[in-house]
Structure formats: structure tokens, C-alpha cells
Amino acid sequence: MADEKKMPKGGRKGGAQFPQAPLGQAIQFAKKLVAKTHTGAQPENIILKGVFNSSGPTGKVRASALKQYGLMQGETSAYDATKLAQSINSAPPEELPPLLREAFLHPRVFKALFDTFQNDVVSRAKIRQQALQLKVHPDSGEKCVDLFVESAVYAGLASEKDDEIQISSSASPSKAHEDDLKDTEESDILGAQKESTDGNEGDKSEEVILRKSAKTVGGQMNISITLDSTMDPEKLEKYLKLLREYGAIG
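Letter by letter, the sequence shown follows residues -6 to 243 of our numbering.
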């Protein structure tokens, strides 16, 4: 039995299954998988070596992680990228967050931990305690916590500070955050509109004054305009437009 290959550290020990790779690494593998299976599903030996850089136990552990994140499908005879993996690979940055959250919440243990501590601040010890209650093997408890926290942060569902983990209130951006962004955008728009309105009112009053200053003497148009170096170019353009209307300039 000396030739028997050992599972990599953190490999199968019994108990509840969880991905043995952080989400960030899984996403990189998923992108390679999408490229590798672009023309169709590929057998395990091709995928393990070409995507996971290992045809041994390490490659199989990584393949299992991708399946748990919902990024790979199929059997050993034909592995393929899922629609989720394809969407992540092609998504522009602004469309990526919800896809990452979907992948993060795909593993049963990770979703159960997230649901338990949603909208809460907890310690790693507390998360480990809950992981063991979910039947994660005691020897894998700390590894499960490390991978859960790292992946949650990557997916934008958690943040860590001073050994405390803040879990998001939901699997999507909070309403408060969306309202903040909306209020900021509306404030910017209203401010811009006010400036534009104020500017237009000023321009209109100046236009009236300019029109009133235009006098016809013996069929000739006499217009008095005072120009200075600080005049706004847009206002100057309006003056020139009026002069053209009166035929004072060509």
C-alpha cells in the first residue's frame, strides 16, 4: 500500500462536504474550464491536467470544488462548464457581483452558515461552532471557516476587521446601499439641473437686455456690446448668434 496516493491536506475526511478551494481560485479555474470546453465537454484526464494543473488527487479535489460552486457539471467521461461559469466568464464588471454570490451560496454548508449569521457580526470561533453543528468533520472545522470567510469576502457578502466578520444582511446589495447610491445620483442630477436652469435664466435676461439695446437708425442696426476677457464662451456664442440674427455679422 506504499504506492497508494494520499489525499491532499484538507481532503476527504468524512462529514459534511464543502469546497476545498476558495471561491476566487475556483473562478480562475472556471474561466480555464470555459475555454477548454468551448467546443464541447471533455473527459476527466483532459480537464484535470489542462484546467487544474494536476491529474492526481489535487486535481480531483479542485474539480469537486468547482462542482460544489455550481461551475462544472458532468461525469468523468465528459466534464463541461455550467451556464453560471460561462456567465461569470463573459460578464462585465458591473454584472459580476450577483453571479459571484450565486456561486458562493451554491455549496450547502456555505449557504447554511450564511443564512445563520446573516446581518450579524461574528467571530471565527462562532462560525466554526456552527460548522461542526452542520456535521463538518472536527479536523476540518478551521479550514471550513477559512474558506467560508475568504469566499464570502470575495463574493462581497462579508468583511473582516479585528478578527470579527461582518456578514451581509442579504445575498444582494442592501436597500440602504442602493438608496444611498440613488440619493447621491438624484442629488447630482438635481444640482446639475439647477446650475443649468440658473445659467439659462441668466442667459435669457442677458439676451433680453441685448435685444433691447439693439436700435435701428436709418435702416442700420446699432448694437452695443461690452466684452471682457472673463466672459463665458457660451455667453459669447449667444451674443454672436444674436448678431447674426440681426444681420450685424455674417
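Everything labelled a hint here was simulated from the structure, so no lab data went into it. A portion of the hints provided could be inaccurate.
Pairs of lysine to aspartate or glutamate residues, derived as EDC-like cross-links and limited to a Cα-Cα distance of at most 20 Å, are as follows [claimed, not checked]:
{"no.": "1", "residue 1": "Lys104", "residue 2": "Glu87"}
{"no.": "2", "residue 1": "Lys60", "residue 2": "Glu87"}
{"no.": "3", "residue 1": "Lys25", "residue 2": "Glu37"}
{"no.": "4", "residue 1": "Lys25", "residue 2": "Asp73"}
Label pairs and their in silico Cβ distance ranges [said to hold, decoys possible]:
{"no.": "5", "residue 1": "Ser116", "residue 2": "Ser83", "range": "34 to 40 Å"}
{"no.": "6", "residue 1": "Gly17", "residue 2": "Asp132", "range": "33 to 39 Å"}
{"no.": "7", "residue 1": "Asp155", "residue 2": "Asn38", "range": "24 to 30 Å"}
{"no.": "8", "residue 1": "Asp132", "residue 2": "Ala28", "range": "34 to 40 Å"}
{"no.": "9", "residue 1": "Glu157", "residue 2": "Thr69", "range": "38 to 44 Å"}
{"no.": "10", "residue 1": "Ala28", "residue 2": "Lys128", "range": "18 to 24 Å"}
{"no.": "11", "residue 1": "His31", "residue 2": "Pro91", "range": "44 to 50 Å"}
{"no.": "12", "residue 1": "Gln21", "residue 2": "Leu233", "range": "55 to 61 Å"}
{"no.": "13", "residue 1": "Gln122", "residue 2": "Asp155", "range": "52 to 58 Å"}
Don't be surprised by glycine CBs; every beta carbon is placed ideally from N, CA and C.
Outcome of the hint check:
1. As the CA atoms of Lys104 and Glu87 are separated by approximately 23 Å, the hinted pair breaks the 20 Å bound.
2. Distance hint between Lys60 and Glu87 is unfulfilled; the C-alpha atoms sit about 25 Å from each other, more than 20 Å.
3. As the CA atoms of Lys25 and Glu37 are separated by approximately 14 Å, the hinted pair is consistent with the 20 Å bound.
4. Straight-line distance between C-alpha atoms of Lys25 and Asp73 comes to about 11 Å, which keeps the hinted pair within the 20 Å bound.
5. Separated by about 38 Å at the C-beta atoms, Ser116 and Ser83 satisfy the suggested range of 34 to 40 Å.
6. Judged by the Cβ atoms, the range 33 to 39 Å given for Gly17 and Asp132 is violated: they are separated by roughly 24 Å.
7. The given range of 24 to 30 Å is broken by Asp155 and Asn38, whose C-beta atoms sit roughly 46 Å from each other.
8. Between Asp132 and Ala28 the Cβ separation comes to about 36 Å, which falls inside the hinted range of 34 to 40 Å.
9. Taking 38 to 44 Å as the suggested C-beta distance range, the pair Glu157 and Thr69 conforms, at roughly 42 Å.
10. Taking the beta carbon of each, Ala28 and Lys128 are about 36 Å apart, not inside 18 to 24 Å as hinted.
11. Restraint check, His31 to Pro91: a C-beta distance of roughly 24 Å breaks the suggested window 44 to 50 Å.
12. Evaluation of the 55 to 61 Å hint for Gln21 and Leu233 yields a pass: the beta carbon distance comes to about 59 Å.
13. A hinted range of 52 to 58 Å is violated for the C-beta pair Gln122 and Asp155, which are about 19 Å apart.
Checked against the numbered hints listed earlier, the structure breaks hints 1, 2, 6, 7, 10, 11, 13; every other hint is satisfied.
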